[in-house]
Amino acid sequence: MEKIDIAVQRAVTDTLENLAFMEVFPVPEGLPPGQTEMTAALLFHEPHQGEIRISIPLTLLADISQTIFGTPTEGMAVPSPRDLLAELLNTVAGRFLIELLPEDQPFRIGLPELDPPSLMETESLKTWHFRADDHCFSISLSNLI
Amino acid sequence: MQRVVIADDSQTARTFIRRCLEIIGLADANFVEVENGREALAQVKEAETDLLVTDLNMPVMNGEMLLKWIKGSPKLCHLKVLVITSAGNAAKESELMKLGACGVLRKPVSPAALSQKLNWLFA
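Line by line, the protein sequences are chains A and B.
Residue numbers for the first sequence follow the numbering used here, beginning at 1 and rising by one.
Residue numbers for the second sequence follow the numbering used here, beginning at 1001 and rising by one.
Extracted from the complex, chain B is given alone in its bound form (with noise of 0.2 Å):
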């Protein structure tokens, strides 16, 4: 089964996210729900994760230092980290595709951009 962590100050978001996630595939996996990158961090520590997804604007620690943190670890930096924000322009997406996130998303979110993004976890 599949691990997935979606990092999101909002439930709505999470709720959203979780709701297209499942409907492009990911019904059985085992989905973590996390107010900030802080909680993210410690939940893709403690157990293997096949993705995490993360929002940028969130309190405590933001989406980029979560991907900052992640990508400097020697365990995690192999982690796919997909990006979903409201904040997010071309320029945004340059610098967190730098970074090293495995894609970036705007909100709202759709199942079929989802789906577009996240093609290699079917493959």
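Excised from the complex, chain A in its bound form (with noise of 0.2 Å):
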């Protein structure tokens, strides 16, 4: 397995698990036709130019939410959908780089992007799948590979 593989899982596993309490597997295939989902993107900035995305089905955003803010104490507002996909993606995209790349190495990324306009077919993008219970979701790398 090449080096920014194992970065990828361990990112979005590091996430889910210490976010959401959510097991997760990388799987060889994506969504099953007809899931609603979510997408979002996210620039890498320094070092390397380039973009992270999630693509998520609804039904899991519902459930990660449930599971992180279902019993909400006085004052406090339970996010977004959108809002927690936007943060989902800035901690895997953050501790993405942090296992890709030196410790001493600054880095840069940019602001979550909600429903982005599709990426074109490059060599240089790849997508992994991942399965949570029972939903699967895709994180994709371009221009960085």
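Simulated from the structure, these hints should not be mistaken for lab results.
If you're wondering where the values come from, they're calculated on a predicted model, not measured in any experiment.
Certain hints may be false.
Derived CB-CB ranges, DEER-like [stated by the list, open to error]:
#: 1; chain 1: B; residue 1: Trp1120; chain 2: A; residue 2: Asp5; range: 37 to 47 Å
#: 2; chain 1: A; residue 1: Ser124; chain 2: B; residue 2: Pro1059; range: 21 to 31 Å
#: 3; chain 1: A; residue 1: Arg131; chain 2: B; residue 2: Gly1072; range: 25 to 35 Å
#: 4; chain 1: A; residue 1: Lys3; chain 2: B; residue 2: Lys1045; range: 39 to 49 Å
#: 5; chain 1: B; residue 1: Gln1002; chain 2: A; residue 2: Ser124; range: 20 to 30 Å
#: 6; chain 1: A; residue 1: Pro117; chain 2: B; residue 2: Ile1023; range: 34 to 44 Å
Derived pair list, reagent style SDA-like, types lysine to any residue, alpha-carbon separation capped at 20 Å [claimed, not checked]:
#: 7; chain 1: B; residue 1: Lys1117; chain 2: B; residue 2: Gly1100
#: 8; chain 1: B; residue 1: Lys1045; chain 2: B; residue 2: His1078
#: 9; chain 1: B; residue 1: Lys1080; chain 2: B; residue 2: Glu1022
#: 10; chain 1: B; residue 1: Lys1098; chain 2: A; residue 2: Asp104
#: 11; chain 1: B; residue 1: Lys1117; chain 2: A; residue 2: Asn18
#: 12; chain 1: B; residue 1: Lys1068; chain 2: B; residue 2: Ser1094
#: 13; chain 1: B; residue 1: Lys1068; chain 2: A; residue 2: Arg108
#: 14; chain 1: B; residue 1: Lys1045; chain 2: B; residue 2: Cys1077
#: 15; chain 1: B; residue 1: Lys1117; chain 2: B; residue 2: Gly1025
#: 16; chain 1: A; residue 1: Lys3; chain 2: A; residue 2: Gln49
#: 17; chain 1: A; residue 1: Lys3; chain 2: B; residue 2: Asn1089
#: 18; chain 1: B; residue 1: Lys1068; chain 2: A; residue 2: Pro106
#: 19; chain 1: B; residue 1: Lys1075; chain 2: B; residue 2: Ala1047
#: 20; chain 1: B; residue 1: Lys1098; chain 2: A; residue 2: Phe107
#: 21; chain 1: B; residue 1: Lys1068; chain 2: B; residue 2: Leu1079
#: 22; chain 1: A; residue 1: Lys126; chain 2: A; residue 2: Leu101
#: 23; chain 1: B; residue 1: Lys1068; chain 2: B; residue 2: Glu1048
#: 24; chain 1: B; residue 1: Lys1098; chain 2: A; residue 2: Pro106
#: 25; chain 1: B; residue 1: Lys1098; chain 2: A; residue 2: Asn18
#: 26; chain 1: B; residue 1: Lys1117; chain 2: B; residue 2: Ala1047
#: 27; chain 1: B; residue 1: Lys1080; chain 2: B; residue 2: Glu1048
#: 28; chain 1: B; residue 1: Lys1075; chain 2: B; residue 2: Asn1089
#: 29; chain 1: B; residue 1: Lys1098; chain 2: A; residue 2: Glu103
#: 30; chain 1: B; residue 1: Lys1080; chain 2: B; residue 2: Leu1121
#: 31; chain 1: B; residue 1: Lys1075; chain 2: B; residue 2: Ala1042
#: 32; chain 1: B; residue 1: Lys1098; chain 2: B; residue 2: Phe1122
#: 33; chain 1: A; residue 1: Lys126; chain 2: A; residue 2: Ser55
#: 34; chain 1: B; residue 1: Lys1098; chain 2: A; residue 2: Arg108
Where is the CB? At the ideal position from N, CA and C, for every residue including glycine.
From the two separate chains plus the hints, produce the assembled complex.
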């Protein structure tokens, strides 16, 4: 397995396990057709330029939200699925670069963008699929690889 | 009652951090949530604050700039600033500590990690 594969897997599993107490497994195939999903993208600015995006079913987002914010205390706002997705991607992106780059290598990432325009299929695009509970979701990287 | 300002452009992050802080013993604190460094600066100027928890990557004013403003102000330089970020490796953590942060944690944060960094709050 390549270093980049390991970095993606660790970033995704660490994020979902620590944030939502959810076990995540890599799977070879993506979503079955017919699932409604939401997508977010985030740019890497330094030291390399690229983009990471996540596509996730709304049902899985709802499950994650329920796990994290199921019983809000007084005065506590429950975030929207869009906000939750943006923060998931932000966290995965940071963990990914921490895994991939040397510890003394500074890096800079952008802000998450929801519903980004579709990516062109290029040679440098790679997608990883994951399963959490009964749902599948995907992470794609472009220009970094 | 302790006053805690949480600065993060993500409602998810703010709510998660607040929940973790409540778990480690700050359930009775007065939490003020803001979306960027500029709003955080206004809030810590407005009232005595025990702790500022901030993200790094925010629009308008980022967390690093907020930290520099606070540590450069004679009135605010005593304020404890904890940075919680997804964009922090050892190099960044060292830089932020030199700027005056009382701690740096990587997202996703946990109650245990927060408790370790904030043990002075309960002394």
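Hints, verified against the model:
For the hinted restraint 37 to 47 Å between Trp1120 of chain B and Asp5 of chain A, the CB-CB distance of approximately 41 Å keeps it satisfied. Between Ser124 of chain A and Pro1059 of chain B the beta carbons are some 29 Å apart, a value that agrees with the proposed interval 21 to 31 Å. Under the hint 25 to 35 Å, the C-beta atoms of Arg131 of chain A and Gly1072 of chain B, about 49 Å apart, miss the expected range. Evaluation of the 39 to 49 Å hint for Lys3 of chain A and Lys1045 of chain B yields a pass: the beta carbon distance comes to about 46 Å.
Remark: the range hint 20 to 30 Å for Gln1002 of chain B to Ser124 of chain A is contradicted by a beta-carbon distance near 49 Å. The given range of 34 to 44 Å is respected by Pro117 of chain A and Ile1023 of chain B, whose C-beta atoms sit roughly 40 Å from each other. Between Lys1117 of chain B and Gly1100 of chain B the alpha-carbon distance is near 14 Å, which keeps this suggested pair within the 20 Å criterion. For the hint pairing Lys1045 of chain B with His1078 of chain B, the CA-to-CA distance comes to about 12 Å; that is within 20 Å, so the pair holds.
Restraint check for Lys1080 of chain B and Glu1022 of chain B: the C-alpha separation of about 18 Å stays at or below 20 Å, so the hint holds. The hinted pair formed by Lys1098 of chain B and Asp104 of chain A meets the criterion: a straight-line CA distance of about 15 Å does not exceed 20 Å. A hinted pair counts as satisfied when its Cα atoms are at most 20 Å apart, and Lys1117 of chain B with Asn18 of chain A qualifies at roughly 18 Å. Among the hinted pairs, Lys1068 of chain B with Ser1094 of chain B is consistent with the structure: their alpha-carbon atoms are about 15 Å apart, no more than 20 Å.
A threshold of 20 Å between alpha carbons decides the hint, and for Lys1068 of chain B with Arg108 of chain A the separation of about 18 Å falls inside it, so the pair holds. As the CA atoms of Lys1045 of chain B and Cys1077 of chain B are separated by approximately 11 Å, the hinted pair is consistent with the 20 Å bound. Among the hinted pairs, Lys1117 of chain B with Gly1025 of chain B is consistent with the structure: their alpha-carbon atoms are about 13 Å apart, no more than 20 Å. With a C-alpha separation of about 18 Å, the suggested pair Lys3 of chain A and Gln49 of chain A falls inside the 20 Å cut-off, and the hint holds.
Between Lys3 of chain A and Asn1089 of chain B the alpha-carbon distance is near 18 Å, which keeps this suggested pair within the 20 Å criterion. For the suggested pair Lys1068 of chain B and Pro106 of chain A, the alpha carbons sit about 18 Å apart, so the restraint of at most 20 Å is met. For the given pair, Lys1075 of chain B sits about 11 Å from Ala1047 of chain B by alpha-carbon distance, which is consistent with the 20 Å threshold. Distance hint between Lys1098 of chain B and Phe107 of chain A is fulfilled; the C-alpha atoms sit about 18 Å from each other, no more than 20 Å.
For the proposed pair Lys1068 of chain B and Leu1079 of chain B, the alpha carbon gap of about 12 Å is at most 20 Å, so the pair holds. For the proposed pair Lys126 of chain A and Leu101 of chain A, the alpha carbon gap of about 18 Å is at most 20 Å, so the pair holds. Between Lys1068 of chain B and Glu1048 of chain B the CA atoms are separated by roughly 19 Å; this keeps the pair inside 20 Å, and the hint holds. Under the criterion of a C-alpha separation no larger than 20 Å, the hint pairing Lys1098 of chain B with Pro106 of chain A is consistent with the structure, at around 15 Å.
Of the pairs offered as hints, the one joining Lys1098 of chain B and Asn18 of chain A is violated, with about 28 Å between alpha carbons and a cut-off of 20 Å exceeded. This hinted pair does not check out: Lys1117 of chain B and Ala1047 of chain B have alpha carbons roughly 23 Å apart, beyond 20 Å. For the proposed pair Lys1080 of chain B and Glu1048 of chain B, the alpha carbon gap of about 12 Å is at most 20 Å, so the pair holds. Between Lys1075 of chain B and Asn1089 of chain B the CA atoms are separated by roughly 30 Å; this puts the pair beyond 20 Å, and the hint is violated.
Distance hint between Lys1098 of chain B and Glu103 of chain A is fulfilled; the C-alpha atoms sit about 17 Å from each other, no more than 20 Å. Among the hinted pairs, Lys1080 of chain B with Leu1121 of chain B is consistent with the structure: their alpha-carbon atoms are about 10 Å apart, no more than 20 Å. Under the criterion of a C-alpha separation no larger than 20 Å, the hint pairing Lys1075 of chain B with Ala1042 of chain B is consistent with the structure, at around 13 Å. As the CA atoms of Lys1098 of chain B and Phe1122 of chain B are separated by approximately 24 Å, the hinted pair breaks the 20 Å bound.
Only pairs whose Cα atoms come within 20 Å are accepted, and Lys126 of chain A paired with Ser55 of chain A is accepted, the gap being roughly 13 Å. Among the hinted pairs, Lys1098 of chain B with Arg108 of chain A is consistent with the structure: their alpha-carbon atoms are about 19 Å apart, no more than 20 Å.
Hints 3, 5, 25, 26, 28 and 32 from the list above are not met by this structure, while the remaining hints are.
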